[in-house]
Structures are given as structure tokens and as C-alpha cells.
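Q: Residue strings, one per chain:
4 protein chains.
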Amino acid sequence: MNIAFIGLGNMGLPMSANLLRAGHAVSGYDPVAARVAEFVAAGGKAAQSAAQAVQGAQLVITMLPASQHVRDIYLGDGGLLSQVDAQALLIDCSTIAPQAAREVAEAASAKGFAMIDAPVSGGTGGAVAGTLTFMVGGAAEHLERARAVLSAMGSNIFHAGPSGAGQAAKVCNNMLAGIAMIATSEALRLGLANGLDPKVLSSIISKSSGGNWVVDKYNPCPGTMDNVPSARGYTGGFAVDLMLKDLGLAVENALDMKAAVPLGALARNLYDLHSKSGNGSLDSSSIFNMFAPKS
Amino acid sequence: MNIAFIGLGNMGLPMSANLLRAGHAVSGYDPVAARVAEFVAAGGKAAQSAAQAVQGAQLVITMLPASQHVRDIYLGDGGLLSQVDAQALLIDCSTIAPQAAREVAEAASAKGFAMIDAPVSGGTGGAVAGTLTFMVGGAAEHLERARAVLSAMGSNIFHAGPSGAGQAAKVCNNMLAGIAMIATSEALRLGLANGLDPKVLSSIISKSSGGNWVVDKYNPCPGTMDNVPSARGYTGGFAVDLMLKDLGLAVENALDMKAAVPLGALARNLYDLHSKSGNGSLDSSSIFNMFAPKS
Amino acid sequence: MNIAFIGLGNMGLPMSANLLRAGHAVSGYDPVAARVAEFVAAGGKAAQSAAQAVQGAQLVITMLPASQHVRDIYLGDGGLLSQVDAQALLIDCSTIAPQAAREVAEAASAKGFAMIDAPVSGGTGGAVAGTLTFMVGGAAEHLERARAVLSAMGSNIFHAGPSGAGQAAKVCNNMLAGIAMIATSEALRLGLANGLDPKVLSSIISKSSGGNWVVDKYNPCPGTMDNVPSARGYTGGFAVDLMLKDLGLAVENALDMKAAVPLGALARNLYDLHSKSGNGSLDSSSIFNMFAPKS
Amino acid sequence: MNIAFIGLGNMGLPMSANLLRAGHAVSGYDPVAARVAEFVAAGGKAAQSAAQAVQGAQLVITMLPASQHVRDIYLGDGGLLSQVDAQALLIDCSTIAPQAAREVAEAASAKGFAMIDAPVSGGTGGAVAGTLTFMVGGAAEHLERARAVLSAMGSNIFHAGPSGAGQAAKVCNNMLAGIAMIATSEALRLGLANGLDPKVLSSIISKSSGGNWVVDKYNPCPGTMDNVPSARGYTGGFAVDLMLKDLGLAVENALDMKAAVPLGALARNLYDLHSKSGNGSLDSSSIFNMFAPKS
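Chains as they are written, first to last, in this note's numbering: chain A, 255 to 549; chain B, 255 to 549; chain C, 255 to 549; chain D, 255 to 549.
If you are wondering where the hints come from, they were derived from the structure by calculation, not from laboratory data. Just to be clear, a hint being listed does not mean it is correct.
Because identical chains cannot be distinguished in the list, a pair is counted as satisfied if it fits within a single copy or across any two copies.
Taking lysine to any residue pairs in the SDA-like style, the calculated list, with each CA pair at most 25 Å apart, reads [what the hints assert, rightly or not]:
1. LYS512 / LEU446
2. LYS365 / GLU398
3. LYS299 / GLN341
4. LYS461 / PRO416
5. LYS471 / ASN410
6. LYS471 / THR387
7. LYS499 / PRO319
8. LYS548 / GLY487
9. LYS461 / LYS471
10. LYS461 / ALA485
11. LYS461 / GLY490
12. LYS461 / VAL482
13. LYS512 / ASN543
14. LYS365 / GLN337
15. LYS453 / ALA546
16. LYS453 / LYS471
17. LYS461 / ALA394
18. LYS499 / SER535
19. LYS512 / PRO547
20. LYS471 / GLY377
21. LYS512 / THR489
22. LYS453 / SER405
23. LYS499 / THR385
24. LYS548 / SER535
25. LYS471 / ASN481
Could you put together the complete structure from these sequences and hints?
A: As C-alpha cells, this is what we get:
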């Protein structure tokens, strides 16, 4: 299939590489020339602009940093909605505000385009391994058209609902994950203060009503688990500043939807304070350190 | 074995019944006569006082409402520590402050008694079915002496560490569970506000980084799950006021240990506000209603 | 002076009436015809559109509900920036996001217009009495041009800084006021639970380190003060939903500015929960009821 | 008057010196010998124990670190209640839990003693200058008996209510002060992020609905005010760890009274995190630094 891939960053580059590996013809664009060069080295075809990349594409994928970039590239004069072929399927894999996703999808629909939002989780590791999770918003038949291509990049595909629902599902899930990371840190630190072995406590929690993905798969306390960021000085993984971005999207969405998220909002503020202390590029599980007793 | 059981309330009564069913001779006491009558009907032997109940007992179990009751019954003039046989094993199954458990265990140890703290989870349903979880603090050999008896009342026994560690593990776990109940409610409400189907969203979260025991086993949103309190008007289950008690123990313990629990403390206050609105006897998952949009 | 006044709502109508009373010629517009009729009855000149209202105006005042309305009326095709006289001074009295105020002021400046943001506090009472407080952002000389007109509507004029600073000052102040309302409610309720007389406690706090505007001028506890909403069933005053809007602006601004506002965000969420319980149109001091003990 | 003074620490020493200066005969005790030596140098009479200090005293003042010390020194075998003269008036100036104050006062009353709780605010500066504020709990006639002596040490005396009310008033006031310190820091940081001059913003807030004692008398932002801790590197003043103690008393009291204090509890946790970062001995206004943007 002829695919256009816009945004060849830490996520977009390995994702597009998996499409190339699966035999697709991919035309790519990124404003950073070095990124495009890497993409060409992987077998991709360089485009000089987003508009050029989408010429002749049957399927367009965008993977951009924030809501505004997605709005800018699709809407307005010279935006993708005035460039792509009438039959092309549009897939935005960026993580953006649900309301922005709905806005862009409505504009696309108004011009007759099929579009889905398909934000991912799984990080750069999942992008390289092709094991990403896609949370998809849009019509079921559009998701079916996209399924084979998404499967070349990920191993789990959830249909969350209509346009914007993929973003909303990701926002809800990641808000929960952020809260759980802090809550698990509080609980393990409280256990340590009481003299408990965090490995023993984690195993108890894991099988009890406090059980959650963090304690099972991403324990923030060093020494409890191998092959997670806490076992290697909080390097790798999912950075504090990315968690902060996702929690910010949750709070922004709650404002838009007039929803109350007291724990979600507090989690965002605690991550913000943690980032302000200079930990923005550490893994998000480093928030465990915020609760360390005075040495 | 000759067992004394002090405290025949909603939990103690079915727990002692399971001991009787397992063939133990149980002498029981409760200040409420009707409770003792039920216990006798189940085959127990009534005692007129706690002191009388423990005469000749090889094993003493206490199941009381709060720290002060446990302190009062064991310590001081005429307390159990001056009544029980020298060889008796003491098991406190009450849910109390870890520091109170340590205090009582130290006093017991100073008089030469073996004692463990063994708070339970699983609620009245688990007490009746004999499927409680015990989180045990104390020496491993004391736990081994108690294991057969505990097994008659529960299906999971965790050794959390030295004296008080059972209480501390429960405090940590239940704080996490309380936070997760509210956080999951926030996330599902935010999803609903975005037009998502809560059943679909729950299934996505369940397999993603936001996954937790609440969304898997105790979903607070009506219509997502059968046989849970949210499916029957938030009746049955684990009451708001019990959750409030457990979160209060977590906050109290954090004050004692000089630990920070910002999310745990906020969770306690939100449950307190929910209780103040008249929901104290509903199931704890009813906090989902606190986040309902204006009708 | 020839003045155009756009937005004749609960605030705009009495504000424009004070301008008329001061002898200005005011041309007014509001999409609600009944509002325009009241304005005409007060001596104003009705316009059929915002564009018509500003014809020949030396000074344009807008008083609109939210950021989007201000963006819409000034910017874009047919917006006020393409309608007003080159020499006119533009004054936006709406309470909107500081970033929106900066955006509109920059667009105005790019077209050569003088513009200030001048949000008010003091409520409808202050609007009627002409005792509003203006927090002004923009060049000092533009504020001087506006001073006489603002003085006809208010008794305090603060110059907060450059464009957007009026909005930012209001956001910061009102976030503090919202936190203080809840914090004072918590403190007085805690005092009541300890058996204190809230009037005595208020008088002590007022002269101590906990002293604040709420306890001095707007006590939320009935019986402590006359002529405040708590003395008349929480009617009149500044509605819960307006406080919620202002706290929402603070949280939104904090997201934009990458600032941490843990107390501000929690205050917003508590007001949101209070509004969801059906109290949105009561005075904001009714949050005192949220902390009432179970009856 | 013959006065016994127990507890000659940073507060007790200058307070007792003011009593000596006013012409009273003061017998003092402290477990730290160096403290007693300073007291003797100021004209006091050394006692070898608390019991010895109170012999012949008409008035007994205690100034101790925490609830447990006050319980220990008054109650139990050999406690002051079995040592002091029947006519002596007992004044506890320590800052302790209201429930502990009530407990000790009840025990005193049961033995026929007159007792008041009279915690102070004003810090070591106020203790030296004799300008402390006393918040008094107990019978009005007992306060009148104490008034002249208290006036030798302080300039404001509030009668808060019956026994324990002095402690409760202090807890409520200081919880508000702690919240206001953080809230004001959030607001000023948000203003700074928007480009506002913090001095201008402070002056606006001071005259508006966000006005409070912190912004008026104890501004946490360096450069806004002279002669406050923020003007001298957050030295002097009221230490973070003392604020943390007071907020801990508020949270403990709320647990005891079944009150909700969501902002108070969050304030405690934020101060706890600030202390854990190594700022425990800085002035409490240093929490302003917690909100500093990344450098």
C-alpha cells in the first residue's frame, strides 16, 4: 500500500520502519532533516513537505507532538485536508486532546474523508518491537480498513468508540496509570517506614485489593523487580515529562467536559513539582524518590 | 484445639463458626448477649467475660473494632496478658493501627507470650465462606503454629514481616485500594463525559497501564459487571464508613511514621465528604456517584 | 464621549447604565433583545450588531462570558478589529484566559489599535453601585486614556502590567479567594467539631496568622456576620458556578504556563463536586455546607 | 507570685525571663542542664525536677514539645497532679492536640485543680519581646486569675472557649496559615509565570478578595517585602518542621473529630515533601521555592 508518514520522531521513525519491513511503500516527512535521512536509510522515500508526502497515498499517518501541530497540519489553507486523495484513509497516531481530535475528524468528515484517531501506548520500545497498543476512535469500518497496517506496528488494537474516543480512552487510562504510580509509591514508602520488605509488600498487594499494573509490571521501588526503570536508575521507560503531558491532557479534558478529577489533578501537580526539581527526563517511576525520608 | 474467641461481631461470628465447623472447641465472648447466643447456636461455648473465655485456651483470637479496644483488652490490670496461659498463642485479627499492634505485641513479648497480628480482608462474605486473606505480622514460627487454625477461616495467608507488619501491609494495601476506587471512578466518569461506553473503556483499561483490581473485580459503574455492589444499588460489599476507617488508619500511620501520602490523604477526605452526604452505609464503590454530572 | 458597549448581561447592563449616568453617549449591543430594551430604557442607543455599535465610537467596551466569545468578536473576518475607528481605544472587561487576552491584544496592536484588558471584581452589586475593582493590563498611557471612563463604573483601578496582566492578576487573586473560602470553611468546621463558637474563632483568626478576606468580609458560617450570603441562605453574592469558572481559568492558565497549583486545582475540583450536588447557583460560600457533619 | 516553669527551651526560657523581669519568683526545671543554667543567670531558681519546681507554687506553667510530654508530666504516678498545691492554677502553654489538652484538663478537674490551656503564637521573637498571642481554653474565671501573668509574656489574650479550646483555636488558625502560605506561593508563582511583578501583584491581592495575612505580613517572594524571612534567605521565622508539626496536629484532630480537611491535609503533605527535600529548618515561607520553574 502507498502510505504517507508525517512525523518521524522517536516514535514515528521506528513505526514507519515497521511499515517498510512489512512491504509497504512509505513516503515520509519530518521538518528535521536528520530524521528524514534515517528514514531513507531504512528504505523510505523522502518528501520535501507534508503536502508532497501525501501525493498518491492511500493511507496517511500523522505522529505529531501536540494538539496544535495536528490542527495546523490538517486544517486551514494548504493543510492536508486540501491535499490528500479523496479515497485516502487518515490516521492520526499523535496523543492529543480528545476535543482537538473530534474537531479535526469533523473537518475531515465534512470534506468526505475517512479518519480515525489511533493514539498508541507502549513507548519507543513497543514502537521498535512492533508491539504497540492502539486505542482507536472512529467508525468501525474505517478501523477495519486500517487494521492490517496498524497490525504491522502493534499487537493490540482496541476500538474505543467514535471519533475522539481513542484519545479519550488513552487520556482516561493514562490518568489512572499516573495516579497508580504515585499511589503505589506512597504505599511502598509507607510500608518501608513501617519496616516492611518492599518485595514482600508488593507481592501481597499484587494479590489483594490494591493490585494494579504498576505494582505488577513497573514497580517503582529499586530491588523489587528486574528489567524495569527502577532497576537501572530510572533510565529508559516513560519520561516524567511525558507523564506530565498526559496528565495535563486529562486535566484539560476534564475542564472541557466539566468533570471532576481531584486525584488526577493532584497527580498532575505532583509530577509537575517532581519535574521542576530537575527530574523531567527520568522515568516516571522516579517519583518514588519524591517520597524518600530525609537522609 | 481449645480456642478463645473474643469479639463475635459481623466478622467474628462467622469466623468462629468456621473454627467450630473444623472441629475446634471454641469459647467465645462478646459484650452483646444476642451475639453470644448466635455463637452458642453454632456450637460454641459461652463465656461471661473475656477473662473467662481464655481460661485453658491454647490459642486466643481477638476481633475488635479499633486500636483502643485491643489496647484495653490486652493491657492494664486484669487484661488478657494477665489471664491467659503461659503457652497460649495470641492472634489479634482486628484491623488497628500498626503502632498499636506493635505496642501490644511488645507488651505480650515482655511477658513471654507469642503473639501475631493477623488482620483480614475479604469482608463478611469471605468470613462466612472461609476464604479470608490474612496479612500476618510476627515471628515465622508463631505464624506456623497458627497456620492450621487460620486456614480454617481463610484461603490466603501472607507473612508480611515482624510484629505490626500485618497491620502495616493491610494499611498500605487498603490505602491503595481506596485511591484506586476513586481514581477509577474519575476515569470512568471522564470517559462517560466523552461519550465512551464504560464497559468498553473498562476492558481497555483492564489490559493497559491503568489496570487495577477495582476495574477488574469491583467496577463502580453500574452496567459494567454482574455480582458486584454497583450492580445492586451499592448494597452489600465493603461500606463507605469501613473504607473511611481504613484510610484514616493510613493517614494516622503516615503521621506517626512521618511519611507523605498526598493521594491517600485526599482519598480519605473525599470518602469523608461522601459519608457526610449520607452514604456511609452504602458500598464503597458508591463514590462513583459523587462524580455524576448535574442532572 | 462616544462609547460602544458590547454585552449587556448581568454585569454589562448596570456598567453601561453608569456610563450613561456619567453623561456619555453609549451605543449598545447584545444578542438578547430584552437586554437591549433595558439598556434603551436606561438611555442607551440600541445597535443591531456589534459592528453597528462601534461605528463612530471613541472607546469600545466588551463584556462577554468567555475566551471564545472575545476571540470571535474581535478577530476574524468582520470582527471588531476590522470595524472600529483607527483612533478608538478598546477595553475588554470580560474575565477570560490571560493567554486569550494576550492573543487578542497582539492582534489589535498589529493593526495599530490601543487595547487594554480590564476584568472586574465586585459582582453585580459593585456593577450597580459603580464600585467595581478593575485589574488592568496594557500600556500605562492607554490606561490613562481609559481612567475617567473606568472611574464612572468602579472605585479601584489597579495597573497590573502589560497586556494580559489584568486577566492574570484576576486569575491569581480569585484562585486565592477560592482556596481561602474552602480553607476557612474547613477551619471553622473543625472548630465547631471541637465545640468552639464560630464567631469567637473567626475573631481570633481575623487577628492572627490565618487572617484573610473571607473571614473578615464574607464569613461562610451562618450567624457570624450580617449582610453576607451566609446570613441569607447563601443567596445573592458570587455564585458557585462563577467561582468554578474562575478556578477553571486558573487551572487552564497553570497548564499553559507549566505552573504547579496543587491547592488551586483541588479547590476547583471541590467546587466542581459542590456544583454537581446541585449548588451551582448558590453563593460560593455555601461550600461551607459540604463540610457539615452527618445529621 | 510564686511561679513554677517547666520546660526552658527556645520558647520557655525567654517567657520565664519576662516573668522574672515582671518581679515574679520563678522556680524552673528543664532536663537539659545548660538551659537551667541560662535560666538561673536570668534570675531564676533552679529545681532538680518538675516535682521540686512546683513545691509552693501558686501558678504552674508548662511549655513542652508534644502531647505525650504533657500527658506524662501531669498524669500518672508522681505526675504534677499529685505534686502541686491544691490552690495552684495550672497553665499549659505547649502546643498539643486538643484532645490531649481536654484529657489532661479533665484529670486536673477531677482532682479539683483549676487548669487552662494557653498555647502561644508569635515565635521566639514574640517570646523575647513579650508580645506573644495566647489562645486560651478553660473557665473564664481561671483565665482572669492568669491574666496578669500572661500579660507579662504576651500582648494578646483570646478566650477561645472551654478546656482544649485554646489548642483547637490554634490548630484551626495555623492550618489556615499553612494553607495560605502555600496558596499565596502558588498565586505569586503563577503571576510570575505570566510576567507580572510580584510586588504589584501582591499589592493588588492585598486589597482584593485574595487578601490574607501572608501576603500582607509575611510575603514568601523575595524582593516584595523587607524584614521577613524571604528577604534574608528564609532564615529566622517559623521553621518548616514547626509548620509541619502544626499541620500534623490539624490532620490528627480532624481524624479524631471525623472532620474533612482536604486542603489542610494536602498542605501537610506538601510541607512534608518540602521537609523531605532537606528544607526542614528553613522558614516556612521557603515553600515558595518548591514552585520555582525549572532553571
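Q: Could you work out which of the previously given hints the structure breaks and list their numbers from low to high?
A: none
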